[in-house]
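Spelled out, the chains give:
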Amino acid sequence: MASQPNLITKKKRKLQIAPYLFVLPNLLIFTVFIVVPTLLGVIYSFHNYDGLNPMKFSGFDNYAYIFTDDKFWSTLGKTLTYAIIVVPLIYACSLGVAILLVQQVIMKGFFRAIFYWPTMISFIIVGLTWRWIFGELGIINAVMVAFDYEQITFLANPFFAKVAVIIAAVWSRLGFFMVLFVAGLLAIPKDFYEAAHLDGASKVKAFFHITLPLLKPTTLLVVMLSMIEAFKAYPLMFALTGGGPNKATTYIVQYIYETGFAKQELGLASAMSVVLFIIITIFTVLQFKLTKGGEN
Amino acid sequence: MKLNSKGLILLVFTLVLSLVVAGCGSTNNTEGNSSDSSKKNVKLDFVWFSDGDEGKVMENIIADYEKENTNVDIQLIEVAYNDLSTKLKTMVSGGKPPALARISTTEIGSFSNFAVDLGEQLDGVDTFTSQFIDSIKPYYVIDNKVVASPMDVTANGIIYNKTLFDQAGVAVPTSSDDIWTWDEFNASLKEVMEKSDAKYGLVWDFTPHRWSTLLYQFGGSMINSEGTEGTINNEAGIEAVNYFKKMHDDGIIPKSIWLGGENPNNLFRTGTVAAHLSGNWMVSNYKDITDFEWGVTYMPIAKNRSSVPGGKFVMAFQKSGVEEEAANFIAYLSSKEVNSKFNQESLFMSPRKDSADLDYAFGKEMFAIFADELNNTIPAAAEDWSKQTIVPKFSSDLKDGLVEVLAEGATAEEMLNDINDRINEAIANAK
Numbered sequence: 228m229a230s231q232p233n234l235i236t237k238k239k240r241k242l243q244i245a246p247y248l249f250v251l252p253n254l255l256i257f258t259v260f261i262v263v264p265t266l267l268g269v270i271y272s273f274h275n276y277d278g279l280n281p282m283k284f285s286g287f288d289n290y291a292y293i294f295t296d297d298k299f300w301s302t303l304g305k306t307l308t309y310a311i312i313v314v315p316l317i318y319a320c321s322l323g324v325a326i327l328l329v330q331q332v333i334m335k336g337f338f339r340a341i342f343y344w345p346t347m348i349s350f351i352i353v354g355l356t357w358r359w360i361f362g363e364l365g366i367i368n369a370v371m372v373a374f375d376y377e378q379i380t381f382l383a384n385p386f387f388a389k390v391a392v393i394i395a396a397v398w399s400r401l402g403f404f405m406v407l408f409v410a411g412l413l414a415i416p417k418d419f420y421e422a423a424h425l426d427g428a429s430k431v432k433a434f435f436h437i438t439l440p441l442l443k444p445t446t447l448l449v450v451m452l453s454m455i456e457a458f459k460a461y462p463l464m465f466a467l468t469g470g471g472p473n474k475a476t477t478y479i480v481q482y483i484y485e486t487g488f489a490k491q492e493l494g495l496a497s498a499m500s501v502v503l504f505i506i507i508t509i510f511t512v513l514q515f516k517l518t519k520g521g522e523n
Numbered sequence: 038m039k040l041n042s043k044g045l046i047l048l049v050f051t052l053v054l055s056l057v058v059a060g061c062g063s064t065n066n067t068e069g070n071s072s073d074s075s076k077k078n079v080k081l082d083f084v085w086f087s088d089g090d091e092g093k094v095m096e097n098i099i100a101d102y103e104k105e106n107t108n109v110d111i112q113l114i115e116v117a118y119n120d121l122s123t124k125l126k127t128m129v130s131g132g133k134p135p136a137l138a139r140i141s142t143t144e145i146g147s148f149s150n151f152a153v154d155l156g157e158q159l160d161g162v163d164t165f166t167s168q169f170i171d172s173i174k175p176y177y178v179i180d181n182k183v184v185a186s187p188m189d190v191t192a193n194g195i196i197y198n199k200t201l202f203d204q205a206g207v208a209v210p211t212s213s214d215d216i217w218t219w220d221e222f223n224a225s226l227k228e229v230m231e232k233s234d235a236k237y238g239l240v241w242d243f244t245p246h247r248w249s250t251l252l253y254q255f256g257g258s259m260i261n262s263e264g265t266e267g268t269i270n271n272e273a274g275i276e277a278v279n280y281f282k283k284m285h286d287d288g289i290i291p292k293s294i295w296l297g298g299e300n301p302n303n304l305f306r307t308g309t310v311a312a313h314l315s316g317n318w319m320v321s322n323y324k325d326i327t328d329f330e331w332g333v334t335y336m337p338i339a340k341n342r343s344s345v346p347g348g349k350f351v352m353a354f355q356k357s358g359v360e361e362e363a364a365n366f367i368a369y370l371s372s373k374e375v376n377s378k379f380n381q382e383s384l385f386m387s388p389r390k391d392s393a394d395l396d397y398a399f400g401k402e403m404f405a406i407f408a409d410e411l412n413n414t415i416p417a418a419a420e421d422w423s424k425q426t427i428v429p430k431f432s433s434d435l436k437d438g439l440v441e442v443l444a445e446g447a448t449a450e451e452m453l454n455d456i457n458d459r460i461n462e463a464i465a466n467a468k
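Top line first, the protein sequences correspond to chains A and B.
Residue numbering for the first sequence is 228 to 523, as defined by the working numbering.
Residue numbering for the second sequence is 38 to 468, as defined by the working numbering.
Warning: the hint list may mix true and false statements.
[What the hints assert, rightly or not] Using 27 angstroms as the maximum straight-line C-alpha spacing, the simulated DSSO-like pairs for lysine-lysine come out as follows:
id, chain 1, residue 1, chain 2, residue 2
1, A, K305, A, K474
2, A, K283, B, K133
3, B, K292, A, K474
[Stated by the list, open to error] Every beta carbon over 12 angstroms from chain A, so not counted as near; a handful from chain B, in silico:
id, residue
4, E263
5, E330
6, R389
Just so you know, these hints were derived from the structure itself, not from any lab.
Every residue gets a Cβ at the ideal spot worked out from N, C-alpha and C, and that includes glycine.
Excised from the complex, chain A in its bound form:
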């Protein structure tokens, strides 16, 4: 009789271990390619290191330098401004498109695919594509010349360059977040809308009092992911504007990259990455706390 509970325990154990085995391959890759380099980065941040010659321990010198480096903080400020503009735009556009595409629309799948396709293109290609649109030799200028208008050097103008980057970023990420919102919208029971309709609520009221509150977990996810992406943005700007004109679209990751690889100061660049990591973590935790983990 005593062997029965023993069997159950064994089975239970096996079942408990199975999930760990499933995540094991990813855990290994994550550890080797993310965790280990991150820890090495933290070690580099306390050294003078050019990536080749022996490291020289420098204590907190790199961190002290960062706190007096005006360019680092102004670039971080520009990145924050970019994030403050681009995150709500991505949120609003992806939610708007998702709402349209959960309706009974002809060729709904085709339209969803159209919006999703850009997310499958690398940021470098997205940047180059929009360069062919906004550039000196781009489509917009070709059309303007064809109609006898003066050419506009969009990408040589700080304002237009920033606008171009924002348009390209929203275009390239809209589809991904749209899919999250479509899933969120389809999970909302239709009964709520029917009840609201019977009570005489308008569609706008239903949106603000049913849809938005019930999308809170998705909203948190979208805002958090797009905020982190905005802080890490680099390849798109690299291909579209090269960070110019006059550093107008150089954001923090590009600044760190240039410090590490163009100036060969990997120790300082690592310290900057640690500071950025801390800032992103603070933002994420704050968001999580403020939204109570996305609970309704």
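Using the hints provided, position chain B relative to the given structure of chain A.
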């Protein structure tokens, strides 16, 4: 299989460790003895990047070498130029340096501590360096050590749209005796813009190296000849920056390149640009243009005539296990016959003193002008750009600073004073 939590942690740890160990493992480049001779079979990894067709030329050269040296197997590892530095750093710092790498002037300083001294391996510093033109010597001889061998030499210069100049009836200098001053050059460009289909006068590569051509022509330099102090903020430097800005403000140089990141090559290829300040490597790039005629003319003179010498080199790395074989292959590459073949077929300029007059299949007269630019280059140009432990510390700031001046965010004086401080800081840190 029973697995408790301790066992699972142990398993994960073992797997991580084995992955790390596998990643750090090294393979020996020596592959045993050949049956027909006492020479060992060796494999030489050769990290390579291509600007044009030179990769194919090098493959043929390697095939010829392998026929003569049957115990040597050379593997060309092609990387994009932008990835070269990172790739080499990873290999060197990971303890697995390649036997050989093609590098440019930008990388020499960083990797010089890890290079095989070719002077020691081959015929001594003086004998080895005497084969090559003197102006590039500061790039590859560091602390009396030959850290790399020159493969080709580059010179900055002017490529012009012959069709547009002909259309406007403007003649370009045809000999070094009648070259333009910068003001005359600007006047000519304006005339071409007025009287032809040209939309732009001059496109100028978006690099501090290409800008520095103007600095040297105006009599400036970045660092003093002793290498102890920055000199970029002197009167000549300020004048060069202001002149560069004036050309932008006058609409001769389109702002879309230095401010908008537009590719000058693409603009020149549209056939609406009168001239391009770039380098001899563009001859190979532009040879397929059929929409208009183009040529090379002499750069204008200010206080001096000057170009900026540069080039590509081959470096052999220490601790590759095949240093001797790598040095032997470099000796083969550097020989008159092989080096001439490489440069002639790749449409490059040879750094060898005895291979200046190559029989190019295309643009022979253009290379003669670039060679003349090189022969009229002031020593400061090579001295400055050869200090590759210092230059990377400020060159991207110089590029940003020039853009800032063009965007009217700073004056030339303010910007150059700031760059000079950075140069002095880099010199102090390098001591």
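* **Hints violated by the structure (numbers, ascending)** => No numbers; nothing is violated.
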